[in-house]
Amino acid sequence: MPSLTIDGKQIQFKEDGRTILDVAREEGIYIPTLCDHPDLPPYGGCRMCLVEVEGMKDFVTACTTPAKDNMIVNTTNENLVKLKRSILQLMLIEHPSACVVCAEWNACNEYRSQPFKSGLITGCATCPNKASCELRDVIEYIGLDDLGFVSRYKEMPVEKDDPFFDRDYNICILCGRCVRVCDEIRGTGAISFTKRGHETRVDTAFGNSHLDSGCWFCGACIDVCPTGALSSRMMKWYGTPDETVETTCLLCGTGCQIEFDVKWDKIMASHPGSKNSKPNRGHACVLGRFCIPSLMNAPDRLKTPTVRRDGVSIPVSWDEAYERIAEILNEAAPGRVGFVGGPHLTTEAAYLLQKLARGAIGTSNVDFRGSGFASLVVRTLADTDSFAKVGALRDLEKADWIIAVGGDFIKTHQVVAKSCYQAVARGAPLILIGEAGVNLKRWATEHIPLKAKDFSTILSQLAEGEEKLKGVKKRHAEHIKSIVSKGNGAIVFGSGILLARNPGEAMTALLKLIGDKGRIYPTFDYGNEAGAMMAGLQPDLLPGLTSVSASSVRGEIEALWGKKIKAGLSLKQMRMAASKGELDVLYVTDGSLPVKGFKKVKHVIYQSPFPSEWVDRASVILPAAGFVEDSGTVVNMEMKQLKLNQVTPPIGNSKQDWLIFTELGRKLGSESFKYRSPKKVAKELREFTKEIGSGAIVEIEPVRKAADWNPVYRGAILAERIRDLKTFIDALPERERPLSTESMDDFIKRLSEQESADIQVKEVA
Amino acid sequence: MQGLSRADLAEQVIPSLQEIQERLGYIPREAITWLADKFHLSEQEIYGVASFYSNFRFTPPGKHHLRICLGTACHLQGGDRLLAATSERLGIKPGETTPDGLYSLERVACVGCCALAPNIVLDGEVFSRTTQQSLKQLLDSIDRQDKGAKKSEEGSQ
Amino acid sequence: MTDRGLGKKVRVKTIGCHGFCKQGPVITVEPEGLFYCQVDKKDINEIVQSHLIGGKPVERLFYVEPATGKRISKYKDIPFYKGQTKVVLCNCGEIDPSSIDEYIEKGGYDGLKKALLEMKPEQVIDQVLKSGLRGRGGAGFPTGLKWRFGRGSKSDKKYVVCNADEGNPGTFVDGAILVADPHAVLEGLIVAAYSIGADEGFVYIRHEYPQAIESIKRAIIDSRKKGFLGQDILGSGFSFDVSIKEGAGAFVCGEETSLMASIMGERGTPRPRPPFPTDSGLWGKPTCINNVKTLATIPIILRRGVEWFSSIGTEKSTGTAIFSLTGMVKNTGLVEVPMGTTLRHIIFNVGGGIKDDAKFKAVLTGGPSGGCLPADKLDLPVDYDSLTQAGTIMGSGGMIVMDETTCMVDMARFFLSFTQAESCGKCTPCRMGTLEMLRLLDKIRSGNGEESDIEKLQEIAITVKEGALCGLGQAAPNPVLSTIRYFRDEYEAHIRDKICPAEVCKALIKYTVVPEKCIGCGACLQICPSNAITGKKNEVHVISDELCIKCGACLEVCPPEARAIDKIPAHEGAGH
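Protein chains in written order, with this note's numbering: chain A, 1 to 765; chain B, 766 to 922; chain C, 923 to 1498.
These are calculated hints, taken from the structure and not from any lab test.
All figures in this text were calculated on a predicted structure; none of them were measured in a lab.
Some clues are possibly wrong.
Quick list of the computed label-pair ranges, beta carbon to beta carbon [stated by the list, open to error]:
#1 C:P947 / B:G913: 27 to 35 Å
#2 C:G1206 / A:L739: 22 to 30 Å
#3 C:S1374 / A:T5: 33 to 41 Å
#4 C:P947 / B:G856: 30 to 38 Å
#5 C:K963 / B:T896: 16 to 24 Å
#6 C:Q1133 / A:E753: 28 to 36 Å
Ideal Cβ placement from N, Cα and C applies to all residues, glycine included.
Here chain A stands alone, though its shape is the one from the complex (with noise of 0.2 Å):
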């Protein structure tokens, strides 16, 4: 095995062009970096690496040389520490924070992370500080006392009319951390260096506003910034969390998993998790980045439930509720009875509720809402047994070439969007079918601008390999077919299939083109599609997807639960029933669900998180656990089991989902719910889940509306409660112009006119 020496220390190293950098930090050696970041490829601008290598007439810097056998490196050679305290000061001159010289330093350090304090305590008005300055650390590391140079003020204003963050480029050291993650890890280009030399800045285009920009606010770039120059605006001024906790988000089925800062038992911030952490593995969106705690924090949470008594909501203790609801299910004819679920359930809830339904009941009226998409998807991965066929977003990233269709994931899904994105970095083409977004259609290589109803037609033409392709045109048509006949492909596709001709037709042909040679990436909207599914969410479905009339299974757990089952009615027929005054009780576990069909429902009980208009017509409210709040699994997108850890407790009087059906269950006399943790439910699910049945197709009708992407969490409207989600959502509709089409010559020709015009106007004037 090859070696070299670093400081003295032999270390053995694999000669795979790993860096000396990252042979020291293997080897716990630090060597100081700033434009250096894990994530991104070697940049080698600040020179903080600079290291000297025997044999070589530079210094060279550690985080771009390759390690090669033999080699001797020094990182504390005399002249190099005062070259690089020499550069440190230059560097300092455009960070101009007193930092340094600062008398209250060493006090500063001790509450460094809370600014709030430290500005009180040591004056500093200068610096948003994040719990860590990377530029102190080095600072610190390479043990500089003075500043060598005047420091100069650019006297940029600091920019805060974008939502959720700041920017303030007066501290920044152009490290390019930002702007690289941005261009090279997310594909936006939202931020770019502009300029050159010492005007060089980070910016827009023209100074345009971020929102203008095309950002979508993922908060890489924050993430990523060594200083304070970028910083969130709501994580600015709450000090050292407590603890932090990583849990998986439940605002989208990607399943990302989030670190939280918790302090006084409420989360104050949110932030990607571990680099580690799959799927994300350090990256999320703006929902997870910035929305969660606004979110878990709302002021008008549901805190205590309520029971209706002569129209009036009176708060009551839980039992009393309970008692309460017992009363109106045991009125009620069990078929008169719909329980509606939600994809923000846990799997062990919604397998807790529809064993509610089915067990303590005997009603299989389960649905939950928006389940046409995963259940499209399930069944059919079910039915043909191709649930390997899913693959995770690390296998995206390695893909060699994708098809988009029925869905602007870069809106929806960013973190999907951010792998889609490294494998079309890497050069793998992208054929998106259907209309999107402007990035989706800035990455696409080949772009079918299709009607969403043909989807099925053009996904069926490629998978039988016809010689036509509907939209395309026969040379092309070649090409697309050439690119899809290779292997390692990979079809990323969202509930815009629903809106195909035929989506079960779709959907098959889509698994047939993907065959063996690719992965599928269905991209659920909501947390738990796939894992409500699986818990029998469904009715005609029992939990781990076997159909209601396969009878074998049908007749154990009627045994077990000791009630007749039979399917129910799903959540549209639930709809017509009340309509038609068919349905007397309907337990609401999700406020987005409409209203509209409902409304001759004699009882509706409403357990969520978050008010809603549900509430003004609930006999009974219980307060819900947010996500945060709960424990458990939920299956993602890639079709892998995740947890869900708690990080704070409930607020107030709520309870979690699991906790209060299985408190409501033996309520409602049934013995076999004495759970005590979701874990125990688990065990039970998993007896389910041994061998998954085959559940029939049902044909799925085709929703004839494009949904917008407004993302909903139990009934919150996101962005009806956070006002910078809201600005953000508003300005999308911005970006969607359509590609110009004209030449250069009429694109001159066009502008030289408007030019002329515009003259005349002024003269005349």
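Place chains B and C on chain A using the hints.
Leaving out everything else, chains B and C in the frame of chain A:
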């Protein structure tokens, strides 16, 4: 632009900017948007490239575009003094355009006629061995021309 | 011509740069080798009538040797040419650059034929290696070695690039060669491509060189027609083609890695090496980048042999050095001398000495990345190693001569302001270091300098030199370091005495009218752009210090018989 790789497209950015500037005299905002569309890049990426290179300007040049060479040889022989005098005469700093849109002034690193220094470039034509006197005469003659042109225009109306 | 019946007897052709720019425009008459200089339009008739028809050369247009006042008719006898050894420039000014046939007539593309048809790529590389040719772009890396690396890199695709981004202010060698002898460069590029195994090439050329762009464009088209470019060149099975990329105004793009970024349509910022371009260059493929002069040398080496070539110059620096000689020297122009020639020979024999026979003060080689050498270094041989040792570099061919009217502090500041403005901003030492140095130099120039500033300057200079990412930054402090090294007294004069000895630094001088000499002609009053001069006709004029912008226009127009305008140190009282 289907079928072209991202690298193929990116390669076209600078030549396209050059062509646009050649034809319009500058790079208008719309052009950045247009190019971003064409080359599947963000506006920032195009602007970042364009603002890096000193040849690209983002404001319309004056009717007469005066560039004064400040290469070494020209500097030695008084190029910066020519610039100071012209800047004073036109009332603008290098990189600016006079309010009436008649002149724009720019410094240029070297036009490659060092042996004939100092050089200035007026509307694409190089004038060598420039003196304060000859520069003044040149600008005076242009002023006269413009005035004459305007008069004859008025006369014809 | 045809009107006068000379159509068949005389052939008129346009030629590229003849080298002696100072005397331009020039006309040469062959085969006699007669040389008319500073020809005007109206002289043409006389040349045709008297010389071509009458057989009597027009003596008044011959070159006048300043020293003796004698007219010299043949350019071979003019000291400017006599002192040179034209190797690479042998075609420049001889052939019509737009005619590929003339190039071929002179043995052009013979080297290519030899390489392609008789030699293996490795053999070509061996020859180049043996010739001792070093990169003429400035760093002096052995060309053969670079090619060997390029050859050695395994890849399905390779590129060659001709670096014609000659951004050094005061340098015009590459531009002149491309205008005067484009095929030589092209031939060199094709040989380079053959040697490393590339099938695609670029000529990266400054946008500011429209003539050179036209010239090389035409050369590419012509050589495609003749089959020197394209598929299966000369039946050898080797295919190669070239396209042109125009720079967009960034000096740093002369640096290999920046140049590649620029070709790929990115911001022209450099990246650290390794990986070297010969391993991973354009679009990640092995790329070999050579300077115009390097490539133009290749055909001659192949044509005339390695022994012949390496006999020119010194042991470690073979061949010739080409300079654009400018500044305060009598004969400005393009100069080619064998490596190892002394500075004195170039400046005083070829260059004819200092303008107006003033005193030589310093010479700068290598443009803004080079250093200034004082009079006692005049006998230094010009080769890569000697120059580096003396604190300057060979660079890409700029040679600027300075006399006593040049202020070295101003000079250092000028070059630094150039590199500072051209700094790409990627690495901290160059971005901030050059700016800080510039501020210090400005401080000194404005008379506010302190004793410690010189040491501070040196300190930052060393930080930038050792810490910067690319050649631009690493060499940026050279002018400052070398002027401090050789002309420290001038810095001290600025700082201690608040005097600019060369009377250049604006803040330290002022213009004043000597009342006894002023004839009140009003010339200065008229030209003054800032209306700083007042005075009635025929009366003594006065310059207002407040309004004066020190452009020196008044001094220039003051009639020689009066010479009434004077430059004096700024702090000298108004009581003149």
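Checked hints:
In this structure the supplied range 27 to 35 Å holds for C:P947 paired with B:G913, their Cβ-Cβ distance being about 31 Å. Checked against the hint of 22 to 30 Å, the pair C:G1206 and A:L739 passes, with Cβ atoms roughly 28 Å apart. Checking the proposed 33 to 41 Å range against C:S1374 and A:T5 shows it holds: the Cβ atoms sit about 40 Å from each other. The hinted range of 30 to 38 Å is satisfied by C:P947 and B:G856, whose Cβ atoms lie roughly 36 Å apart.
Checking the proposed 16 to 24 Å range against C:K963 and B:T896 shows it holds: the Cβ atoms sit about 21 Å from each other. Restraint check, C:Q1133 to A:E753: a C-beta distance of roughly 33 Å satisfies the suggested window 28 to 36 Å.
The structure meets every hint from the earlier list without exception.
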